[in-house]
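**Q** For reference, the chains in residue letters:
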Amino acid sequence: MKIVTMDPRKCVACGHCENACAFHRTGDYDHRNSAISVNHYPDKSACIPMTCVHCRKAWCMEVCPAAAISRSADTDAVLIDANRCIGCKMCMLACPFGAINFDTEKLTCFKCDLCGGNPKCVQHCFPGALEFESEEAVPLANRNQHDNRLAVMFGRENND
Amino acid sequence: MTEMSRNFSPVNTFCRMCDNHCAITVHRDVSGQISDIESYPDHPWNQGRICSKAGGAVEIVNHPDRLMRPLKKVGSGWKEIDLEQALDEIADRVGDLQSNYGPETMSVWKGEATSFNQQEDLAKRFCRALGTPNYLSVDSLCFCTREIGWSLVYGCWPKPDFRNSRCMILWGANPPAAHPPLTRQILKGRERGATLVVIDPRLSTIARQADIHVKPKPGTDGALAWGLAHQLIANDWYDKDFVKNYTVGFDKVAVYAKDFTPEAVEAQTGVPAQTVIKVAALMHQAGSRVAQYTGNGVEHYENGVNNTRAIAYLDALCGSFDMEGGSLQADGLGQQSLALYEEIPLQQLKRVDGEKFPVLHDFRQECNTMTALDAILTGDPYSLRGMIMTAANPVMTNPNSEKVRKALSALDLFVVRELFMTETAQLADYILPAATFLERTELYTYAAIQSVSMSTRVQSIPGVQDEYQFWHDIAHRMDFGEHFPWEDESVLNEWLLQSTDVDFKDLQNTSKAVQYQAIKHKKWQHRPLTTPSGKVEFASSYLVANGYEEVGEYKAPYYIRSPKPEYPFSLITGARNHLSYHSSYRGVGRFRAEVPGPQVEMHPDDADGSGITDGETVKLSSAIGSIEIPVKIVSRQEIIPGVLQATHGWKEANINVLTHDDILDPIDGFPVQKGVAVKVERIR
Numbered sequence: 332m333k334i335v336t337m338d339p340r341k342c343v344a345c346g347h348c349e350n351a352c353a354f355h356r357t358g359d360y361d362h363r364n365s366a367i368s369v370n371h372y373p374d375k376s377a378c379i380p381m382t383c384v385h386c387r388k389a390w391c392m393e394v395c396p397a398a399a400i401s402r403s404a405d406t407d408a409v410l411i412d413a414n415r416c417i418g419c420k421m422c423m424l425a426c427p428f429g430a431i432n433f434d435t436e437k438l439t440c441f442k443c444d445l446c447g448g449n450p451k452c453v454q455h456c457f458p459g460a461l462e463f464e465s466e467e468a469v470p471l472a473n474r475n476q477h478d479n480r481l482a483v484m485f486g487r488e489n490n491d
Numbered sequence: 004m005t006e007m008s009r010n011f012s013p014v015n016t017f018c019r020m021c022d023n024h025c026a027i028t029v030h031r032d033v034s035g036q037i038s039d040i041e042s043y044p045d046h047p048w049n050q051g052r053i054c055s056k057a058g059g060a061v062e063i064v065n066h067p068d069r070l071m072r073p074l075k076k077v078g079s080g081w082k083e084i085d086l087e088q089a090l091d092e093i094a095d096r097v098g099d100l101q102s103n104y105g106p107e108t109m110s111v112w113k114g115e116a117t118s119f120n121q122q123e124d125l126a127k128r129f130c131r132a133l134g135t136p137n138y139l140s141v142d143s144l145c146f147c148t149r150e151i152g153w154s155l156v157y158g159c160w161p162k163p164d165f166r167n168s169r170c171m172i173l174w175g176a177n178p179p180a181a182h183p184p185l186t187r188q189i190l191k192g193r194e195r196g197a198t199l200v201v202i203d204p205r206l207s208t209i210a211r212q213a214d215i216h217v218k219p220k221p222g223t224d225g226a227l228a229w230g231l232a233h234q235l236i237a238n239d240w241y242d243k244d245f246v247k248n249y250t251v252g253f254d255k256v257a258v259y260a261k262d263f264t265p266e267a268v269e270a271q272t273g274v275p276a277q278t279v280i281k282v283a284a285l286m287h288q289a290g291s292r293v294a295q296y297t298g299n300g301v302e303h304y305e306n307g308v309n310n311t312r313a314i315a316y317l318d319a320l321c322g323s324f325d326m327e328g329g330s331l332q333a334d335g336l337g338q339q340s341l342a343l344y345e346e347i348p349l350q351q352l353k354r355v356d357g358e359k360f361p362v363l364h365d366f367r368q369e370c371n372t373m374t375a376l377d378a379i380l381t382g383d384p385y386s387l388r389g390m391i392m393t394a395a396n397p398v399m400t401n402p403n404s405e406k407v408r409k410a411l412s413a414l415d416l417f418v419v420r421e422l423f424m425t426e427t428a429q430l431a432d433y434i435l436p437a438a439t440f441l442e443r444t445e446l447y448t449y450a451a452i453q454s455v456s457m458s459t460r461v462q463s464i465p466g467v468q469d470e471y472q473f474w475h476d477i478a479h480r481m482d483f484g485e486h487f488p489w490e491d492e493s494v495l496n497e498w499l500l501q502s503t504d505v506d507f508k509d510l511q512n513t514s515k516a517v518q519y520q521a522i523k524h525k526k527w528q529h530r531p532l533t534t535p536s537g538k539v540e541f542a543s544s545y546l547v548a549n550g551y552e553e554v555g556e557y558k559a560p561y562y563i564r565s566p567k568p569e570y571p572f573s574l575i576t577g578a579r580n581h582l583s584y585h586s587s588y589r590g591v592g593r594f595r596a597e598v599p600g601p602q603v604e605m606h607p608d609d610a611d612g613s614g615i616t617d618g619e620t621v622k623l624s625s626a627i628g629s630i631e632i633p634v635k636i637v638s639r640q641e642i643i644p645g646v647l648q649a650t651h652g653w654k655e656a657n658i659n660v661l662t663h664d665d666i667l668d669p670i671d672g673f674p675v676q677k678g679v680a681v682k683v684e685r686i687r
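As you go down the protein sequences, you meet chains R and G in turn.
One gets my numbering by counting positions in the first sequence from 1 and adding 331 to each.
One gets my numbering by counting positions in the second sequence from 1 and adding 3 to each.
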């Protein structure tokens, strides 16, 4: 399956992903309505994006007493059915990444649904910290970056 | 599919919420109203990405406050009038003013709110055809310093090649807010092993990913650049072949740089000597793959042009000019010229800024706005009585807002074309509704990739003219219609391309780009530069002839040179938010989410020292004026102590009430809008 992959080495916490997600979901740019969230820690020089990674063994799905969480047949995304959700927040507790949020108006939980297979957050990520790619691609970003550094150090450039 | 729904199928075009022209797809609902904007996947500039300003355009285009009918000032109020009547009256009054006071009593002022290059050239064309040399624009305080500073050295402002770079250096630039597509190139370069150096007194958005964040005091960039030059020269780290064969004046630079030891640079800029040494070493290690980019942060100082020249020298010293991974001497599209520079040179007429800024005029053929506003008030060198302004909001963006307001109010005829009722539009005699980018078609050139695209008109609103149609209609009412012969913008676009190899049809109704010339480097090997000497100019005989310094000497900003104890803080204005474009979009709902209102950023130590709490409204004053504004206490890393930052464009707390129109860069007339000496007082 394809998921939204996140690379903190590229994130600048510009917030366009949050704007785009919030707008897609509710029609405003209020970040509380966004399923993706980015934290900026200036003292640690870190920008950390986080959204649902659609775990293969999804604890949120297992803990849900209302059977409101299921896996999409089309995209393999883990989805919350707002009509079945009872707002108990057990999924929020179960998620180790804090990637599930609570809608204080509808009194239900919400999370990333991959926008049905064309995630808005990725479209709005200029830095390239977010990509919509296959699960197997996750380690490639690390490997590529590592290789690039070593290539600069040890490679012999053919600069004509 | 019905005929109706076919008409409202998605349209591929370009965003112009800022000047980056990202390819987008515009969706419309069943009634034809623009309903959503998505990224278009297949354009080499934005590569399938957009920022959330693009989606927000839906709200701008459909906003109930948008101006839709011409307004005429009657007493203290407004009267809606018919478009034809408005154009007739404006043409008559322009004609009357010119026959009574001479052609140069009129001026044209071009802003940023609707578009730039092509629209600027149209405004320049109209101005020339009208017979006045008084073309004014926002370039007087944005862009020109960088363009002129780099061009004095290279004959052009080269484009950084971040993707292939080993060392990327950003000077006072924050691409995530101001040039989003560059962010992608920068992070790609970093992924590929380049080091990112960000030079900014603030922790800007891009500085969050910097390998080295260098924090000079505002306006001391020149000293830092000279310090880096000193390191490159003293350590024999400069490209001797390039310097010997393709530059002039190196000896003078080598002599001037000598004083800028790391310790001297530290004393002047506050940047640790070790950091200067480290950055210079990184540049050396990167070979010719050093990509530099200067932003608006280096402008807005009285030494901006010379600071920019000093920065520009580093490319030549590193041998990175027109090299892969360095900078590109980009070739232009070579489209037909609209500006009538040669056809109507107007040399016999005195410009309203006199001979004060010959370099600005030589490079840009425009007059300095600060000086023009003075002329309105003083009648010196003559009285400027009429102005047509298109999509500019100088009451919010020019320095010394109160004087701007006074000057514009003193005009006999002030015509404004705008999307919304801005603070500036309120001073007009006539306001005409302007077309948004979705109601126009124009050419967009992407110099860094030597490509061109053309936007598509998605909708038309009766009575709302595009820029071309407006100039055309006034020209045809006066006696110079022959200079605006094209039936509409589309015919104009076709004419513009006639001198190029690009086929108009290849650009029609598509969001694709056509590369007009393949990228080639090292063109200096076989083609002289467009500088007077044909070489890279460390020393400029042209500047000497105009009475300026031969090399880009450093001069400390006034707040350091002559500090005043009553104004202990140095204020930066104009850092960008991600959801605004200069003064635009402030009042529109969706855009308010990011920054709900004006604020002045302050270091925690400065706040502690004065007992100020986060969110508290304070009185902020300079020698020019004062405002009340809430304080935002930022984290220790986000700004250097003693420096404040407030973004411009908020009518609730207009920071340009405090900025200087009386201290200008002697070379190009840029005002001091950064490094403003201010004081902060609590309101009891």
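A couple of the hints might just be wrong.
Unchecked claim - Stretches of chain G that chain R covers, calculated by requiring three or more beta carbons in the stretch to come under 8 Å of a beta carbon on chain R:
id, segment
1, 50-62
2, 70-76
3, 164-176
4, 203-215
In case anyone wonders, no lab produced these hints; they're calculated from the structure.
Yeah, the Cβ is synthetic: ideal placement off N, Cα and C, and Gly gets one too.
**Q** Please check whether the segment 50-62 of chain G has three or more residues whose CB lies within less than 8 Å of a CB on chain R.
**A** It holds: at least three residues are needed, and the segment 50-62 of chain G offers 7 whose Cβ sits within less than 8 Å of chain R.
**Q** Examine the segment 70-76 of chain G for residues whose CB is less than 8 Å from any CB of chain R, and state whether their number is three or more.
**A** Since three or more residues must qualify, the claim that chain R covers the segment 70-76 of chain G is violated, with 0 doing so at under 8 Å.
**Q** The segment 164-176 of chain G covered by chain R? Criterion: 3 or more residues, Cβ-Cβ distance below 8 Å.
**A** This one is violated; 1 residues, fewer than the three required, reach chain R with a Cβ under 8 Å.
**Q** Are three or more residues of the segment 203-215 of chain G within 8 Å, CB to CB, of chain R?
**A** holds (count 5)
Of the numbered hints listed earlier, those contradicted by the structure are 2 and 3.
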